[in-house]
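S.K.: Given chain A's structure and the hints, the job is docking chain B onto it.
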Amino acid sequence: MVAVQGQGQGEQALATARLLDERLRLRFASLEPMVTVSAGRAGGVTLVPIEPDGPTPLPRGSPAVTPAASQGAVPGPASPLGPLLREGVARGAAVAIVAAEPHDESIDWLAQLVTPVLTGGFDLVCPTYRRHRTDGAITTGIVAPLFRTLYGQALRQPLGTEAALSAPFARRLLADEDWRRRPTEAGSDAWLIAKALGGEARVAQVWLGAWPRPDGAPEDLGDTLVRALGLVFGEMERGAAVWQRLRPARAVPSFGTGGFEPGGEPPEASRLWEAFSRGLRDLLPIWSLVLPPATLLALQRCAARPVEAGGLPDELWARSIFDFSVAHLTRRVERRQLLRSLAPLYLGWLAGLAHAAATFDDAGFEARVEATAVAFEREKRYLISRWRWPDEFNP
Amino acid sequence: MWDQTKTMFLEGLERVALALARLLPGLLVMLVLVLLSAAAAFLASFLVRRIGARLDVDRRLREWGMAPPARTDHLGPTRLTARVAAWTVVAIGFLVGLSVLESSATSALALRLLDYVPHALVGVLILAVGMAGSRALERSVLIGSVNMGLHSARLLGLGARWLLLVLAAAMAFEHFGIGGSILTAAFSILFGGIVLALSLAVGFGARDLVARSLERRFQEQAEKREPGNGDDLHHL
Numbered sequence: 004m005v006a007v008q009g010q011g012q013g014e015q016a017l018a019t020a021r022l023l024d025e026r027l028r029l030r031f032a033s034l035e036p037m038v039t040v041s042a043g044r045a046g047g048v049t050l051v052p053i054e055p056d057g058p059t060p061l062p063r064g065s066p067a068v069t070p071a072a073s074q075g076a077v078p079g080p081a082s083p084l085g086p087l088l089r090e091g092v093a094r095g096a097a098v099a100i101v102a103a104e105p106h107d108e109s110i111d112w113l114a115q116l117v118t119p120v121l122t123g124g125f126d127l128v129c130p131t132y133r134r135h136r137t138d139g140a141i142t143t144g145i146v147a148p149l150f151r152t153l154y155g156q157a158l159r160q161p162l163g164t165e166a167a168l169s170a171p172f173a174r175r176l177l178a179d180e181d182w183r184r185r186p187t188e189a190g191s192d193a194w195l196i197a198k199a200l201g202g203e204a205r206v207a208q209v210w211l212g213a214w215p216r217p218d219g220a221p222e223d224l225g226d227t228l229v230r231a232l233g234l235v236f237g238e239m240e241r242g243a244a245v246w247q248r249l250r251p252a253r254a255v256p257s258f259g260t261g262g263f264e265p266g267g268e269p270p271e272a273s274r275l276w277e278a279f280s281r282g283l284r285d286l287l288p289i290w291s292l293v294l295p296p297a298t299l300l301a302l303q304r305c306a307a308r309p310v311e312a313g314g315l316p317d318e319l320w321a322r323s324i325f326d327f328s329v330a331h332l333t334r335r336v337e338r339r340q341l342l343r344s345l346a347p348l349y350l351g352w353l354a355g356l357a358h359a360a361a362t363f364d365d366a367g368f369e370a371r372v373e374a375t376a377v378a379f380e381r382e383k384r385y386l387i388s389r390w391r392w393p394d395e396f397n398p
Numbered sequence: 755m756w757d758q759t760k761t762m763f764l765e766g767l768e769r770v771a772l773a774l775a776r777l778l779p780g781l782l783v784m785l786v787l788v789l790l791s792a793a794a795a796f797l798a799s800f801l802v803r804r805i806g807a808r809l810d811v812d813r814r815l816r817e818w819g820m821a822p823p824a825r826t827d828h829l830g831p832t833r834l835t836a837r838v839a840a841w842t843v844v845a846i847g848f849l850v851g852l853s854v855l856e857s858s859a860t861s862a863l864a865l866r867l868l869d870y871v872p873h874a875l876v877g878v879l880i881l882a883v884g885m886a887g888s889r890a891l892e893r894s895v896l897i898g899s900v901n902m903g904l905h906s907a908r909l910l911g912l913g914a915r916w917l918l919l920v921l922a923a924a925m926a927f928e929h930f931g932i933g934g935s936i937l938t939a940a941f942s943i944l945f946g947g948i949v950l951a952l953s954l955a956v957g958f959g960a961r962d963l964v965a966r967s968l969e970r971r972f973q974e975q976a977e978k979r980e981p982g983n984g985d986d987l988h989h990l
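So the sequence lines, in the order shown, correspond to chains A and B.
Going by the numbering used here, the final residue of the first sequence carries number 398, and the count climbs one at a time with no gaps.
Going by the numbering used here, the final residue of the second sequence carries number 990, and the count climbs one at a time with no gaps.
Here chain A stands alone, though its shape is the one from the complex:
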């Protein structure tokens, strides 16, 4: 049996869940799949099983989980993960899948997600999508290198929309103390990944084709940074005892064919660089509470050069992110303000990435992304020393 979670809002969620149900029944008829749709209610989430042959009424006055949930970072009672796992374990499911919406029809994406768990013995299968080169740059430049540095496993897109979990891993997660001790934080994607990578679960990633680009305007950059990095830095804080033990890097088994989505004009690097330079000038009083003087000086030297000279060096970028994570830990600046103030620095790094996207072919661009991740790994000792003695550099 497979328990699947459809997400979305109202009728859209129902339509998505019905589609998933239909596909699963066609593809895995022998496994008796069960699809549920999550409906938000006061103080939590309730699951509504999809009836294949009849209407599935959503509870009145309870909109389904908001679209933000499908962007991968809703913790606490609003997270559908806990109810899904409980339902799956109670019904003896072999696999639990968190799924948001149907994907690239040219790829058998449900089978891609389920098969490594059913036949490969993996505990968690994360999705990876083909995206435009500069899409998802927070993932490329911060989240993925950070998780890789902390836990020694290179997931390309750790905060993906979907995930498939094995029954033993689901039981381990349900038994975790965090549901009781940290009910407002457990259940987010960052939490799930930190538990999997820090707990020695067998993790794999699968290519699920083109990224299903959401409709409408992208979320505000500041809000995205607060939402995603708040959870990631929070997990860093709680998992410090685990990730501070230096681990040798391990390859994550990868299934499917990857690459970048063609097209997608990169943003204008000079405009992003200008935003960085302006931010550096204006936010200096705040950044001087977060970044050591040497880093500030290096940033100022970089800002004086054109972006074509290489943008922000990877080591400097890695150290800056580590410094922000330490400031998040020590609450040197209010956390939301801290993460919002990171936006111009991120745009500076993105300017370099956009320049690389305009200059290199796919292989060259991939090498550029890999170089950033390697720089994060190289600077791990710096992170550990700052984490242990955060006041050493503080003004």
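Keep in mind that the hints were calculated from the coordinates and are not lab data.
All figures in this text were calculated on a predicted structure; none of them were measured in a lab.
Errors might be hidden in some of the hints.
[As the list claims (entries may be wrong)] Each pair of labels, with its calculated beta carbon distance range:
1. G913/B x A93/A: 37 to 43 Å
2. R339/A x L875/B: 29 to 35 Å
3. L904/B x P256/A: 46 to 52 Å
4. E318/A x R833/B: 52 to 58 Å
5. I805/B x R241/A: 24 to 30 Å
6. G931/B x R241/A: 49 to 55 Å
7. P256/A x D810/B: 42 to 48 Å
8. L904/B x S291/A: 16 to 22 Å
9. A845/B x V245/A: 52 to 58 Å
Ideal placement from N, C-alpha and C gives every residue a C-beta, glycine not left out.
M.R.: Positioned in the frame of chain A, the structure of chain B alone reads:
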């Protein structure tokens, strides 16, 4: 003659001695009150420090940008509040002590000052909250303006800070009873003047500029929404 002088001198001495004798119990009570208030001040200071340390007030205020970064030569907010509380208690004790003296002038002065104390305390509180709030507002406006890509982010932050500071100062002065209606009128004229000057400047001098600027801004926003321009990026 000598006897009369001697009598007058002795009578004078007697009167002074009597006056002192009448004043002595009052002075003694005043001394006791001042000593008690000193003890109460010590207790108040201790309590403020303990509560501040328990609630981690200094760190929280610094986190929100309401207090400047910690420096060795600066008093932290908790220590400053503890000192203000202690000296306030001592001052109140002294004034209460003055009021028990059997002297109409000192008693009247003490009672008037005691009446003034609550107003002064509210004024100080308004000023302190205004100063702390203005710092937090400045930081918030600064970050918001930078992220919106505005060119004068620092100026906007500083402007917001001073606006709140001036408002808090005006409210505090009203409670202190300084300036009276003149201050309110001056404040109203100042703010009304700023708004009027800006309106006139825009209306007469920069109408075309504003129109062009708005046009450009809306055009930019429309361009931003066009796919492929870079601003349709999904960052996560």
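S.K.: Each hint: holds or not?
M.R.: Verification of the supplied hints:
Between G913/B and A93/A the C-beta distance comes to about 59 Å, which lies outside the given range of 37 to 43 Å. The hint said 29 to 35 Å for the Cβ distance between R339/A and L875/B, and at roughly 33 Å that hint holds. The beta-carbon spacing between L904/B and P256/A, approximately 48 Å, falls within the hinted interval of 46 to 52 Å. Judged by the Cβ atoms, the range 52 to 58 Å given for E318/A and R833/B is violated: they are separated by roughly 41 Å.
Between I805/B and R241/A the CB atoms are about 29 Å apart, so this pair conforms to the stated range of 24 to 30 Å. Judged by the Cβ atoms, the range 49 to 55 Å given for G931/B and R241/A holds: they are separated by roughly 54 Å. A C-beta distance of roughly 46 Å is found between P256/A and D810/B, which places it inside the suggested range of 42 to 48 Å. L904/B and S291/A have their C-beta atoms about 21 Å apart, which keeps the hinted 16 to 22 Å range intact.
A C-beta distance of roughly 56 Å is found between A845/B and V245/A, which places it inside the suggested range of 52 to 58 Å.
Of the numbered hints listed earlier, those contradicted by the structure are 1 and 4.
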